[in-house]
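Enquirer: Listed in order, the protein sequences are those of chains A and B.
For the first sequence, the positions run 1 to 250 when the working numbering is used.
For the second sequence, the positions run 1 to 455 when the working numbering is used.
Treat the hints loosely; a few may be bogus.
Among the chain B residues that face chain A by a calculated CB cut under 7 Å, a handful are [as the list claims (entries may be wrong)]:
1. F334
2. R394
3. G395
4. L404
5. F409
6. E412
Take a look, some chain B residues computed to stay more than 10 Å from chain A by CB distance [what the hints assert, rightly or not]:
7. W41
8. V328
9. L365
Since the hints were made in silico from the structure, they are not lab data.
Each residue gets a CB set at the ideal place from its N, CA and C atoms; glycine is no exception.
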Amino acid sequence: MADLEIRGLKVEADNTEILRGVDLDLNQGQTIALMGPNGSGKSTLAYAIAGPPAYEVTGGTMTWKGTELNELTPDERARLGVFLAMQYPVEVPGVSLTNFLRTAVNAVREEDVPVREFMQTLRAEMAELDVDGSFLQRSVNEGFSGGEKKRFEILQAALLKPQLAVLDETDSGLDVDALKTVAEGVNRLSGPDLGVLIITHYTRILRYITPDEVHVMFEGRIVASGGPELADELETGGYEGIRAAHAAGV
Amino acid sequence: MTSLTTLTEEALTGASNAADEPTWLRDRRLAAYKRTLDLAWPDSRADEFWRSTPFAQRLDVEREIVVGGGSVSPASFTADLDVEVAMARIVDGALVEVTVPAAMVAQGVLVTDLSTAAAEHVELVEPALGALTSSNTEGTGSGADRTITVNDAAWTAGVFIHVPAEVELDTPIVIQVHAETGGAHLPRVLALLGHHARASVYLEHTSGADTDALVDEVVEVIAHDAAQLDVVSFQQWGSHVDHLALQKVQAHRDSRIRHLSVTVGGRTVRFLPETDLVGPGAETRPLGVYFADEGQWFDLQPYVRHLAPHATSDVLFKGALQGNSRTVFRGNIFVDKDAVGTDTDENNKSLILTEGARADATPFLEIECSDIVAGHGSATGQIDALQLYYLTSRGIPREEALRLIVTGFFREVFGDVDLPGVEDAALTEIDERIAAADLSRFQVNDASLKDHHDE
Ligand SMILES: Nc1ncnc2c1ncn2[C@@H]1O[C@H](COP(=O)(O)OP(=O)(O)OP(=O)(O)O)[C@@H](O)[C@H]1O
Ligand SMILES: [Mg+2]
Numbered sequence: 001m002a003d004l005e006i007r008g009l010k011v012e013a014d015n016t017e018i019l020r021g022v023d024l025d026l027n028q029g030q031t032i033a034l035m036g037p038n039g040s041g042k043s044t045l046a047y048a049i050a051g052p053p054a055y056e057v058t059g060g061t062m063t064w065k066g067t068e069l070n071e072l073t074p075d076e077r078a079r080l081g082v083f084l085a086m087q088y089p090v091e092v093p094g095v096s097l098t099n100f101l102r103t104a105v106n107a108v109r110e111e112d113v114p115v116r117e118f119m120q121t122l123r124a125e126m127a128e129l130d131v132d133g134s135f136l137q138r139s140v141n142e143g144f145s146g147g148e149k150k151r152f153e154i155l156q157a158a159l160l161k162p163q164l165a166v167l168d169e170t171d172s173g174l175d176v177d178a179l180k181t182v183a184e185g186v187n188r189l190s191g192p193d194l195g196v197l198i199i200t201h202y203t204r205i206l207r208y209i210t211p212d213e214v215h216v217m218f219e220g221r222i223v224a225s226g227g228p229e230l231a232d233e234l235e236t237g238g239y240e241g242i243r244a245a246h247a248a249g250v
Numbered sequence: 001m002t003s004l005t006t007l008t009e010e011a012l013t014g015a016s017n018a019a020d021e022p023t024w025l026r027d028r029r030l031a032a033y034k035r036t037l038d039l040a041w042p043d044s045r046a047d048e049f050w051r052s053t054p055f056a057q058r059l060d061v062e063r064e065i066v067v068g069g070g071s072v073s074p075a076s077f078t079a080d081l082d083v084e085v086a087m088a089r090i091v092d093g094a095l096v097e098v099t100v101p102a103a104m105v106a107q108g109v110l111v112t113d114l115s116t117a118a119a120e121h122v123e124l125v126e127p128a129l130g131a132l133t134s135s136n137t138e139g140t141g142s143g144a145d146r147t148i149t150v151n152d153a154a155w156t157a158g159v160f161i162h163v164p165a166e167v168e169l170d171t172p173i174v175i176q177v178h179a180e181t182g183g184a185h186l187p188r189v190l191a192l193l194g195h196h197a198r199a200s201v202y203l204e205h206t207s208g209a210d211t212d213a214l215v216d217e218v219v220e221v222i223a224h225d226a227a228q229l230d231v232v233s234f235q236q237w238g239s240h241v242d243h244l245a246l247q248k249v250q251a252h253r254d255s256r257i258r259h260l261s262v263t264v265g266g267r268t269v270r271f272l273p274e275t276d277l278v279g280p281g282a283e284t285r286p287l288g289v290y291f292a293d294e295g296q297w298f299d300l301q302p303y304v305r306h307l308a309p310h311a312t313s314d315v316l317f318k319g320a321l322q323g324n325s326r327t328v329f330r331g332n333i334f335v336d337k338d339a340v341g342t343d344t345d346e347n348n349k350s351l352i353l354t355e356g357a358r359a360d361a362t363p364f365l366e367i368e369c370s371d372i373v374a375g376h377g378s379a380t381g382q383i384d385a386l387q388l389y390y391l392t393s394r395g396i397p398r399e400e401a402l403r404l405i406v407t408g409f410f411r412e413v414f415g416d417v418d419l420p421g422v423e424d425a426a427l428t429e430i431d432e433r434i435a436a437a438d439l440s441r442f443q444v445n446d447a448s449l450k451d452h453h454d455e
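Chain A with its partners taken away, still in its complex shape (with noise of 0.2 Å):
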């Protein structure tokens, strides 16, 4: 049995059904990514996985390391060790960047980290990821460039330390240095312990992390699969070819 393991996943929001019966599998170790036109449910399935804020899960199973996240607050999922870098991360005004990471960091992990050993190893992540200290008094997100939103993403991720991390499309709206950065970060993080899922329109992160599987959604089912020369293809190529598989019923 995978690390994460979903089966017949469906998804609804405003009574739409959006994901039809996913199925995926995921290890800790692995990174997959996850591509697919725009609409197809990739974020739908990101946000399933970290704890639905708009979404009725109406069918399915979804076990992390055997257990049911269905069932689980987000709270509960991220104390898991579950982490979703949003693609559209949220401003929460008025609340300071360090005291939202202190608050999270101390929430997962279940202990009080004295405030000196936590702010250490906070200028230490930020300065790897390129992240300037006036960040640290601002609240959270508020007035952030895109770019800078995704790179707080991959902080948290850094400072949370998860075993399953969910990016979508953290790499869009950054520029070359910004994504080598945000890459290395991830990278960083990899090892034996993190299974990471990679959701991308564009094959040039996956130049920097490189997936063990490709998975292609369309009309929110899984469609296709490969290495990751998928990948390529689909960026040369395009979804034209899945589009027409799939209207031709094949």
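Following the hints, put chain B with the ligands in place on chain A, whose structure we already have.
Expert: Below, chain B with the ligands without anything else, positioned relative to chain A:
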């Protein structure tokens, strides 16, 4: 004994004489008393300013005026600060204690009994006392409001503060007003800042847990040219106290005023923080945070009058409500026809935490001059589901996430307010109330989830 309605000339004269007040002060009290006779108590049906409050029903003017003084020493949040503050303590209608650090005394700072100052510093007190409550004919702080005029006549415990020109204080002057005995309390404060003086005045209002009192308070402050003044007023009353407060500042040329109120206690609180910008280039920032709970009614009326050119005002009040509480924000900015170059902004934001609470806001502008920049707005909302999701998805339990969001909501008000202890004390007050609340009843608005998806 005397109540607000059974005051007599004899009683006022007797009290004034007993306090060794000079003749001018006694005569002024009697003149104010005569004015009260022509005024009615505010009435919720007839008076615009009381229109939407239950104050008139709750305003029990028959309560006896408390004059005795008491031996209670309420705690001050400034006790935990490692700065030496000046402290004046009003308990049960009498000024019971004044301490002024030697360093302040050496700079000529006065913090003293107002009746005594009226005799000993007549040149300072006589022209200033009542200048802001009875001189202007417009606005709420006029002679037309009996609750204010009656304080002019019958105030019992007064504090006089004088910060001489060019004296800059780094530590606050603290005035505690405490009601332990039930009845009517009539505190009074007069503070004068000379030109280029800098000072902060903290008012801490507290009461016994069960004290049933009406506190009718008037604070007048005059900030002369280029003075820098912070007034911070904490309303931490128990739940049976009704508070009427006029805190009025006159701001002269290039002076800079910040006026922060923190309202968490009391049954009904009508709070009037007012500024008259009388000198060119003066600036005022009336700020407010409030947290209203079951049974509480707050009526907040910041009022700014731009009476000189190139003055600035920036009003920001933020409140959270739960239970069946109600808050009314009635900000008003008046811009005189000669106040060219006025820059004004006025905002009120409310967070409705549970069903049943209600917040009303009418930010108002009264503009007689065209050459100005003015903005105003108000918003009422609920806790944002997407923010809540984001925090919880990082492992933070729902309750803690709610606390972070609500506290975060208030932080904007403190912006650059760097006064020792103030932000911490205010947020601690609010946090205690959130901690005591039933967070499972907090309402969350999930509209943002849908918007988010459409981004
Ligand atoms: N909260 C929601 N309410 C209604 N419809 C939704 C909601 N969330 C997603 N959808 C719909 O579900 C479909 C899949 O959306 P999703 O965001 O998962 O796609 P995606 O594959 O991540 O697309 P993109 O590549 O553009 O990020 C879309 O048609 C979208 O309009
Ligand atoms: Mg998406």
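Enquirer: Does each hint hold? Answer for all of them.
Expert: Results of checking the hints against the structure:
no. : hint : verdict
1   : F334 : violated, 31 Å
2   : R394 : holds, 4 Å
3   : G395 : holds, 4 Å
4   : L404 : holds, 5 Å
5   : F409 : holds, 6 Å
6   : E412 : holds, 6 Å
7   : W41  : holds, 41 Å
8   : V328 : holds, 24 Å
9   : L365 : holds, 26 Å
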